[in-house]
Amino acid sequence: MKNRANKIIVAFGCALVLGLTASPSARGAGFLVYDVSAEALGKGSAVTASTNEPAAVFFNPAALAHMEGYQLSLGTVWVNANAQFEDAATGATTKAIPRKGGFWLPTIYGMARINKWVSVGLGVYTIFGLGIEWPYDWTGREHAILADIETVTFSPTVSVRLHKKFSVGLGLNVVRGMVDMTNGLPEAIGGHVQIGGATFGFGAHAALLYRPIPNKLHFGATYHSRVRLAFNGRADFEPDHEEFIPELQDQGGKAVIVLPDIISVGAMYRPIPKLAITYDVNVVLWSTYDELKLDFERRDDQILKRKNKNVATFRLGFEYELPVKGLKARLGFIFDMNPAPAEYLSPSLPDAHRIDFAVGVGYEWKWLKVDLGYLFVYFLDSKSEGGTEGPVGTYRSTAHLTALTFTARFGRGAKKRDREQPRGTRLAPPTRDDPRATRPPHRLVARPVRPAPPVKKRPRVVPPAKRKTPPATRPAGAGEVPRKAGGAKTPALSRPATNP
Amino acid sequence: MTQAMTQKRRAYSPWHWQTLTAVVFAALLVVGAGCEPEIGNDPVPSFMEFDTATGRIPEPTVAAISQTTGMLDFGLLGYDVPEEPAACLTAAGWPSVAECEFFQYLETLDGYPTLSTMRTPANAALDPATITYEGAADDTLVVLEGGFSKYTAGDGLVVSFNDADNYLYIDNPAGWEIGTLYVGAVRGYDNGVVTSDGTRVVASVIYNLLKREESLLDCAPDAQTPPFYNADAVVDDQCKYYELIHEMYASQFPGDPDGLHATVVGLLASLEGLRQGYKGVDGITGMWDVIDLVGQMAKDEVAVAWAWPTHTQTTVELQPALGMVPVAEGNNILRLPFKGTIDASSLVPFTLADAEAATVFLLNATVVQQALTNPALLNDAILGFTPTLVGNELVLTADLPFIDGDRHIIMLTAKAEGDNRPDLVPANAGDPFYCGVCDGPPGEVGSRPIVPSPLTVYLRTRGALVDADGNSLVSKLDNETAVEVEESRLAMAQLFDEPLFASLTHDLIRENVAYVYAFNYVAP
Numbered sequence: 012m013k014n015r016a017n018k019i020i021v022a023f024g025c026a027l028v029l030g031l032t033a034s035p036s037a038r039g040a041g042f043l044v045y046d047v048s049a050e051a052l053g054k055g056s057a058v059t060a061s062t063n064e065p066a067a068v069f070f071n072p073a074a075l076a077h078m079e080g081y082q083l084s085l086g087t088v089w090v091n092a093n094a095q096f097e098d099a100a101t102g103a104t105t106k107a108i109p110r111k112g113g114f115w116l117p118t119i120y121g122m123a124r125i126n127k128w129v130s131v132g133l134g135v136y137t138i139f140g141l142g143i144e145w146p147y148d149w150t151g152r153e154h155a156i157l158a159d160i161e162t163v164t165f166s167p168t169v170s171v172r173l174h175k176k177f178s179v180g181l182g183l184n185v186v187r188g189m190v191d192m193t194n195g196l197p198e199a200i201g202g203h204v205q206i207g208g209a210t211f212g213f214g215a216h217a218a219l220l221y222r223p224i225p226n227k228l229h230f231g232a233t234y235h236s237r238v239r240l241a242f243n244g245r246a247d248f249e250p251d252h253e254e255f256i257p258e259l260q261d262q263g264g265k266a267v268i269v270l271p272d273i274i275s276v277g278a279m280y281r282p283i284p285k286l287a288i289t290y291d292v293n294v295v296l297w298s299t300y301d302e303l304k305l306d307f308e309r310r311d312d313q314i315l316k317r318k319n320k321n322v323a324t325f326r327l328g329f330e331y332e333l334p335v336k337g338l339k340a341r342l343g344f345i346f347d348m349n350p351a352p353a354e355y356l357s358p359s360l361p362d363a364h365r366i367d368f369a370v371g372v373g374y375e376w377k378w379l380k381v382d383l384g385y386l387f388v389y390f391l392d393s394k395s396e397g398g399t400e401g402p403v404g405t406y407r408s409t410a411h412l413t414a415l416t417f418t419a420r421f422g423r424g425a426k427k428r429d430r431e432q433p434r435g436t437r438l439a440p441p442t443r444d445d446p447r448a449t450r451p452p453h454r455l456v457a458r459p460v461r462p463a464p465p466v467k468k469r470p471r472v473v474p475p476a477k478r479k480t481p482p483a484t485r486p487a488g489a490g491e492v493p494r495k496a497g498g499a500k501t502p503a504l505s506r507p508a509t510n511p
Numbered sequence: 002m003t004q005a006m007t008q009k010r011r012a013y014s015p016w017h018w019q020t021l022t023a024v025v026f027a028a029l030l031v032v033g034a035g036c037e038p039e040i041g042n043d044p045v046p047s048f049m050e051f052d053t054a055t056g057r058i059p060e061p062t063v064a065a066i067s068q069t070t071g072m073l074d075f076g077l078l079g080y081d082v083p084e085e086p087a088a089c090l091t092a093a094g095w096p097s098v099a100e101c102e103f104f105q106y107l108e109t110l111d112g113y114p115t116l117s118t119m120r121t122p123a124n125a126a127l128d129p130a131t132i133t134y135e136g137a138a139d140d141t142l143v144v145l146e147g148g149f150s151k152y153t154a155g156d157g158l159v160v161s162f163n164d165a166d167n168y169l170y171i172d173n174p175a176g177w178e179i180g181t182l183y184v185g186a187v188r189g190y191d192n193g194v195v196t197s198d199g200t201r202v203v204a205s206v207i208y209n210l211l212k213r214e215e216s217l218l219d220c221a222p223d224a225q226t227p228p229f230y231n232a233d234a235v236v237d238d239q240c241k242y243y244e245l246i247h248e249m250y251a252s253q254f255p256g257d258p259d260g261l262h263a264t265v266v267g268l269l270a271s272l273e274g275l276r277q278g279y280k281g282v283d284g285i286t287g288m289w290d291v292i293d294l295v296g297q298m299a300k301d302e303v304a305v306a307w308a309w310p311t312h313t314q315t316t317v318e319l320q321p322a323l324g325m326v327p328v329a330e331g332n333n334i335l336r337l338p339f340k341g342t343i344d345a346s347s348l349v350p351f352t353l354a355d356a357e358a359a360t361v362f363l364l365n366a367t368v369v370q371q372a373l374t375n376p377a378l379l380n381d382a383i384l385g386f387t388p389t390l391v392g393n394e395l396v397l398t399a400d401l402p403f404i405d406g407d408r409h410i411i412m413l414t415a416k417a418e419g420d421n422r423p424d425l426v427p428a429n430a431g432d433p434f435y436c437g438v439c440d441g442p443p444g445e446v447g448s449r450p451i452v453p454s455p456l457t458v459y460l461r462t463r464g465a466l467v468d469a470d471g472n473s474l475v476s477k478l479d480n481e482t483a484v485e486v487e488e489s490r491l492a493m494a495q496l497f498d499e500p501l502f503a504s505l506t507h508d509l510i511r512e513n514v515a516y517v518y519a520f521n522y523v524a525p
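Protein chains in written order, with my numbering: chain A, 12 to 511; chain B, 2 to 525.
Hints in this document: simulated from the structure, not taken from any laboratory.
A couple of the hints might just be wrong.
To be clear about the criterion: a stretch of chain B counts as covered by chain A if any three or more of its residues have a C-beta under 8 Å from a C-beta of chain A, and this derived list gives those stretches [said to hold, decoys possible]: (1) 45-52; (2) 476-488.
Here are the simulated EDC-like cross-link-like pairs (lysine to aspartate or glutamate), alpha carbons at most 16 Å apart as the crow flies [said to hold, decoys possible]: (3) K316(A) / E332(A); (4) K151(B) / D139(B); (5) K336(A) / D301(A); (6) K394(A) / E332(A); (7) K300(B) / E253(A); (8) K241(B) / D251(A); (9) K280(B) / E215(B); (10) K227(A) / E375(A); (11) K320(A) / D272(A); (12) K212(B) / E253(A); (13) K241(B) / E332(A); (14) K241(B) / D283(B); (15) K241(B) / E198(A); (16) K265(A) / E198(A); (17) K300(B) / E37(B); (18) K212(B) / E396(A); (19) K340(B) / D293(B); (20) K265(A) / E37(B); (21) K280(B) / D259(B).
Virtual Cβ for every residue (Gly too), placed ideally from N, Cα, C.
Chain A with its partners taken away, still in its complex shape (with noise of 0.2 Å):
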């Protein structure tokens, strides 16, 4: 009983963590997916240079330094991807499988600022994953039938502010990957082999962030090593006939996969307070993706060639503030170089150059943000030579990306504070660049007020000195209250006037 609990428990955390998290190939260049947020994502992700959210453990962990309180994000991306194969001898047309439901990529992340100058952040996201099916009896089925590599990074990152306008950031990237493909075996066989298995890398990423004029003029530049992914798993052969069992018999099986390193350089730049225009550069040395070797334990390695190139990706992003408080607007465009070569292409990660198309929306109230995103990626068609890797034809594919993503900020100074200002101060008046002055200009408000009390006019008081006549003595009056000799009564001190 306590075994099943715990193995539903594993399945559940599996799925949560790892079983949602394939990416199809239909994302990022090569199986990078670099859109792991939605504020971000509607932006095309140029935010090396700005990014101010949780997810910055991922972007720019240098921008950790600048943000307050304890801030927790959570969120997910949800893709949909369409691939189609064009066989260039027959003109067939294959589909490739859509999944059903898509895929949900998670996007957890969480800050806390420790003091003045030190933060620290956490985050569970996925930048590395593929998944990809094809029906089983297509043309290229020896090839792929079903491509599915996912990964999670655990990253605990850290930031310091140095200065006022420069931070950096360093964190160390924990990475669970999990491979499970499936190929089809030769045609005189017949059948297919499911290899798959699950191992840890680890890696390490750096940032940095120079803001000459904060909020205004940002620099932005972080490195993520590259992560080296030894698998140790198994192979499981299942001819279409039981005689070829004895010759292709199950057993363990070793690849090592290295996740390239990204360079991501941006900066951000405000023409006016309410719009940010932002532009990134990423560099991905996909060279570390030259071949697949898979080292058999009874069986010759069999070498899969990729070939990879270094490429890289240009974005170009928006975010505009709306007059609606708290609504931000924004929109994104991405240019993704193709790393696979046409001779090495492989319907397991059918690449192409790609034209992405963002938009997104923002909104804060009070201690929550939530935030939605699109994206549209379109593929150029992608031609596939050679036949060594793949099969001879065209790959033709689009996507769509929506993300989702909450944010709640808790702690005194998380909210939208800048933290230039000094604590406990009024705030100063704004200035035309400060992105207060955003804000309508602060003014007396006509507000209706208890009218004031009369005013008791204090009589004059006359010196004795200057009395001509002695005052005089009669007796005090019914009901007269006896006047003291030598004064009048003093008066009740007037009220002054209230300030509004």
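With chain A held as given, fit chain B onto it using these hints.
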């Protein structure tokens, strides 16, 4: 002061939230560590072997019959058998001269000897209790004669499994009939034999290919029919079966792509020939159908099945272990049972005056030995007799009684390659049993003389049958039998190598001997 301190502390995140977050992330990390894909692990069945590289194949096999000559040709199975009679003395790659000469003898046959042992290998020891041949529908072993009748336990077959070499052996003490096709099949899979540890037994990869409905030369439509002369021209790596066979044999030809290609093409062509034979073509019932109809074993249940023909040529059986020896009658009659037919006119007794034309020899070996030093005794060494045919027996009636205690020798001769000696020939020679397109004139009586039985070949061979340690040097004899036969061989060798004998018999050579038997006559 207190209020200010409280405010300052609250400017940073509360520690309990940080701790909680760290715990949640750590929990996710632990859960993630337990995630792995589910990969199956299937049990591995055992199988009945068919490996031409190691020679572990069912035997005898029709695969060694040449489609062009109708004769046995072990070159089809990868053996390099010399053609010249004495070439085995210097031929390389053979474990012994005797083994080489035995295969030379086999290639003079159009089928296998009638005293052949059927055997088939497995890659693991079979449970003998699961090998049944009771004549029931669920028998796991089926032996068919001529495609019409099934052997049962009461028919005298001797079935055994040898754990030392993992071979299933089937012997017929009465000998197989000549000119007959025999079929053996073993049932595997769900209701078949199992190994001694209970593992399921299936067919080999090669037999899976033989069971295919489509041609193994699927990309060579012109090579679909025997003898596949043009298979080499059209079979290439675009054929899906080419890729499969290529991968199976690649490790045996490192750095020799041409040799590998030739092997792959040759194997594909021969397998296709077999496949068609198993399937049945041009209205001829295939072996699968025969096994199904007569043996009650469906193709999908067959772990191994093989067919082999016995030779059509007449033979005089010789196998003392089975009692197949001449029978003495009275003091001057010997009866030799034979299989097939003999043309009585070809029975020419040996005499000194007509040595050249003789086909039947009856000698007193003891006197021959004495005659080596005393030629005057030579005439006494040659016994006068009259050979006749009585049913399936060759009866030799000596003119004089046999001498008690003397060693006597009977020899029958056949023409060897390249000489002009006469042959004992069959009375009527039909077509070779298995001959697709034969070059030779199968109908001519003179072209198909009687052939020796295997023991005669061992007795006449030039090479030793055992080594210095008493181990057999021939594949068909076990150590004990090889030692016994070697003693007789040495005695015969003295006779064959004696120049006087050659001159006496007018250049009779070992290859001419179709039957030889030496015995010490003991008067009743």
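Hints versus structure:
Counting residues of the segment 45-52 of chain B whose C-beta lies closer than 8 Å to any C-beta of chain A gives 4; at least three are required, and the coverage claim holds. For the segment 476-488 of chain B, the assignment as covered by chain A is violated, since 0 residues bring a beta-carbon within under 8 Å of that chain's beta-carbons and 3 are needed. Our distance criterion of 16 Å between C-alpha atoms is broken by K316(A) and E332(A), whose separation comes to about 48 Å. Straight-line distance between C-alpha atoms of K151(B) and D139(B) comes to about 13 Å, which keeps the hinted pair within the 16 Å bound.
Taking the CA atoms of K336(A) and D301(A), the gap is near 50 Å; set against the 16 Å cutoff, the hint is violated. Between K394(A) and E332(A) the CA atoms are separated by roughly 43 Å; this puts the pair beyond 16 Å, and the hint is violated. For the hint pairing K300(B) with E253(A), the CA-to-CA distance comes to about 14 Å; that is within 16 Å, so the pair holds. At most 16 Å may separate the alpha-carbon atoms for a hinted pair to count; K241(B) and D251(A) meet this at roughly 15 Å.
As the CA atoms of K280(B) and E215(B) are separated by approximately 10 Å, the hinted pair is consistent with the 16 Å bound. Restraint check for K227(A) and E375(A): not satisfied, since their Cα atoms lie roughly 20 Å apart, outside the 16 Å limit. At roughly 12 Å between alpha-carbon atoms, K320(A) and D272(A) fall within 16 Å of each other, so this suggested pair holds. Our distance criterion of 16 Å between C-alpha atoms is met by K212(B) and E253(A), whose separation comes to about 13 Å.
Between K241(B) and E332(A) the alpha-carbon distance is near 64 Å, which puts this suggested pair outside the 16 Å criterion. Annotation: proposed proximity of K241(B) to D283(B) is violated, straight-line Cα distance about 25 Å (limit 16 Å). The straight-line distance between the Cα atoms of K241(B) and E198(A) is roughly 6 Å, inside the 16 Å bound, and the hint therefore holds. Between K265(A) and E198(A) the CA atoms are separated by roughly 25 Å; this puts the pair beyond 16 Å, and the hint is violated.
With a C-alpha separation of about 41 Å, the suggested pairing of K300(B) with E37(B) is violated against the 16 Å cut-off. Between K212(B) and E396(A), the direct Cα distance comes to roughly 36 Å. Violation of the 16 Å bound is thereby established for this hinted pair. For the proposed pair K340(B) and D293(B), the alpha carbon gap of about 30 Å is over 16 Å, so the pair is violated. Among the hinted pairs, K265(A) with E37(B) is consistent with the structure: their alpha-carbon atoms are about 14 Å apart, no more than 16 Å.
The suggested pairing of K280(B) with D259(B) is violated, with an alpha-carbon distance near 31 Å, which exceeds 16 Å.
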